[in-house]
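Using the sequences and the hints, build the whole thing.
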Amino acid sequence: MKETLDNLSRIKTAAEFVRDGMSLSVGEVIFYCGDAQTLGIGGWSRSPALEIITQQSALKELLEIINLYNDILEICPRLLDLAEKKQVMFSLGFDYGMGTIRICSMKNGIVTWDVNLKS
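Mapping the sequence shown onto this note's numbering, position 119 (from 1) lands on 141, and the numbers just tick up by one.
No lab work stands behind these hints, which were simulated from the structure alone. Check before you lean on any hint, since a few could be wrong.
In silico PhoX-like links for lysine-lysine, alpha-carbon gap of 20 Å or less [claimed, not checked]:
hint : residue 1 : residue 2
1    : Lys108    : Lys129
2    : Lys82     : Lys140
3    : Lys107    : Lys82
4    : Lys34     : Lys107
5    : Lys82     : Lys129
6    : Lys34     : Lys108
What follows is the structure, given as structure tokens:
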């Protein structure tokens, strides 16, 4: 949470960027415009290898992204205004060094798996 408070000005900037259709990372999450109706909130797995990520560990990390987003909403009303106008999609990715593979996402409480993981 301290890091979130330290990044308050960057969070406000992220809200403006997303309004303009751009993305901006703030700490451990990235805010992006998924489409005209979607606000994207993404984060990256801390796992060193995609092969060792399970559905359970991925869901735990996805919930951490959601909790961080909720913490951010409490301190940044500008982002709350934007979020009320759009559907929010949370996503978890794996950074393999040359890009990111989306593992899963959640929109309207429904989880979509982009990678087949062990149960």
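query = For the pair supplied as a hint, Lys107 and Lys82, is the alpha-carbon distance within the 20 Å limit?
reply = violated (27 Å)
request  = For the pair supplied as a hint, Lys82 and Lys140, confirm whether the alpha-carbon distance does not exceed 20 Å.
outcome  = Roughly 14 Å separates the two Cα atoms, so the pair holds.
ask   = Would the pair Lys34 and Lys107 pass a check requiring their Cα atoms to be no farther apart than 20 Å?
value = Distance ~16 Å between Lys34 and Lys107 Cα, so the pair holds.
ask   = Does Lys34 pair with Lys108 here, judged by a C-alpha cut-off of 20 Å?
value = Judged against 20 Å, a Cα distance of about 17 Å means the pair holds.
Satisfaction of hint between Lys129 and Lys108, Cα-Cα up to 20 Å = holds (11 Å)
message = Can you confirm whether the C-alpha distance between Lys82 and Lys129 stays at or below 20 Å?
response = The given pair, whose Cα atoms are some 16 Å apart, holds under the 20 Å limit.
The structure does not agree with numbered hint 3 stated previously, though it agrees with all others.
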